[in-house]
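*Asks:* With the hints as extra help, turn the sequences into a complete structure.
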Amino acid sequence: MLPFLSISQPNTQYIMLSYWENKHFTSYDFIIIGSGIVGLSTAASLAELHPNKSILVLEKGIFPTGASTKNAGFACFGSLTELLSDLDYMPLDMVMHLVDERWSGLQKLRCRLGDEAIEFIQDGGYELLSDEEIDALDAIDAVNKMLFPLFKKDVFHIKDELIEQFGFNSGMVQSVVYNPFEGQIDTGKMMRSLLNYVQQKNVTLLTGSEVLHFEDSGSDVRVEVKNTATNSPIAFSAQKLAICTNAFTPSLLPNLEVKAGRGQVLVTKPIENLKFKGVFHMDEGYYYFRNHGNRVIFGGGRNLDFQGESTTEFATTDQIIHTLQQKLKDVILPQQDFEIEHKWAGIMAFGKNKRPIHKKLSENVAIGVRLGGMGVAIGSSLGEKLAHQLSE
325 MLPFLSISQP NTQYIMLSYW ENKHFTSYDF IIIGSGIVGL STAASLAELH
375 PNKSILVLEK GIFPTGASTK NAGFACFGSL TELLSDLDYM PLDMVMHLVD
425 ERWSGLQKLR CRLGDEAIEF IQDGGYELLS DEEIDALDAI DAVNKMLFPL
475 FKKDVFHIKD ELIEQFGFNS GMVQSVVYNP FEGQIDTGKM MRSLLNYVQQ
525 KNVTLLTGSE VLHFEDSGSD VRVEVKNTAT NSPIAFSAQK LAICTNAFTP
575 SLLPNLEVKA GRGQVLVTKP IENLKFKGVF HMDEGYYYFR NHGNRVIFGG
625 GRNLDFQGES TTEFATTDQI IHTLQQKLKD VILPQQDFEI EHKWAGIMAF
675 GKNKRPIHKK LSENVAIGVR LGGMGVAIGS SLGEKLAHQL SE
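When we follow the working numbering, the leftmost residue of the sequence shown carries the number 325, and every step to the right adds one.
The hints are simulated quantities; they were obtained by calculation from the structure and are not laboratory data. Where hints are given, some of them may not hold.
What the hints assert, rightly or not - Pairs of lysine-lysine, BS3-like flavour, derived with a Cα cap of 27 Å:
1. Lys-377 / Lys-683
2. Lys-347 / Lys-601
3. Lys-683 / Lys-525
4. Lys-432 / Lys-709
5. Lys-601 / Lys-476
6. Lys-513 / Lys-599
7. Lys-377 / Lys-667
8. Lys-483 / Lys-653
9. Lys-667 / Lys-513
None of the values given here were measured: they were computed from a predicted structure.
*Replies:* Encoded structure:
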């Protein structure tokens, strides 16, 4: 950790500000870059710890830019095959730490905002296993034993009778694994509630504010922000800075090991007599679907084109959307007619392992990024850790 830090080249030609603007709008105790789940959770925890301190959140988009308002709304912590895959390349204690972090983060989110405000519904999580994955059932007892210290109950249960009950294709789904601890949220309600929460605690949020440069002098941190109204940036200052930019972090910290991963999602029109409720995973979590009322939200397919989906471009592709539609038709809704109403994409961040990056970059700058597609679960706990770190 360096005693001071300067990233990119500062622009010395700042916009001319009034006496009042300089006095009341540019200096804060804490500045947070990024208004996604982690950024707003960091702001919330800082406001709880320091109710009399000034806090500014800077967001380059009109809405949070990455995946916080674009995810499918899963309150989950890892399917059976996903955890088994993790155990293939991560030590047991690291996998347990990840699950614990996800679970505690979900509890923190629910406790802070309330289940009604985020529309949390605990209909359970399910995994659909194919012929190629059926051997995972041999490990279910061992995984339940591994997770027992956290949950005090068995997490995974075989529920093959649900294949017919939920209307899935029995020729393509060989088993269903049930997890009673998981649930779903309304992503938009959650983010609006989190935004309202921090604003009620006098946190300032500026959207359309792209950070170009920051510098830790040792005594404070200067943050240079693009001003869309002029060609001259605006300089803000703070005692402490948190960077919560996830997939977009390389624009500020190009040497950090963060790789973008796009997630494409679609939603159907309302389906008459939809047979299932809950959140569902297939193929080690690379495909995921859920009900939202009597609609189906279905996303994934990044594994079809890892290189092509390692992008920050907000777009869908014919290849992945066609695959999602085909799986809806062949596996999930084989006996029902459906129409696609809308499709979109969000941008996640990944690395060589699933551990988030959470550390101090300098005396007054800390970072919390690379959530591995688990922002809903990890965001609140990561924000809390960042807040405590910046309070030291």
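*Asks:* Please go over all the hints and tell whether each is borne out by the structure.
*Replies:* Hint check:
no., hint, in the structure
1, Lys-377 / Lys-683, "22 Å, holds"
2, Lys-347 / Lys-601, "53 Å, violated"
3, Lys-683 / Lys-525, "26 Å, holds"
4, Lys-432 / Lys-709, "12 Å, holds"
5, Lys-601 / Lys-476, "25 Å, holds"
6, Lys-513 / Lys-599, "25 Å, holds"
7, Lys-377 / Lys-667, "41 Å, violated"
8, Lys-483 / Lys-653, "22 Å, holds"
9, Lys-667 / Lys-513, "19 Å, holds"
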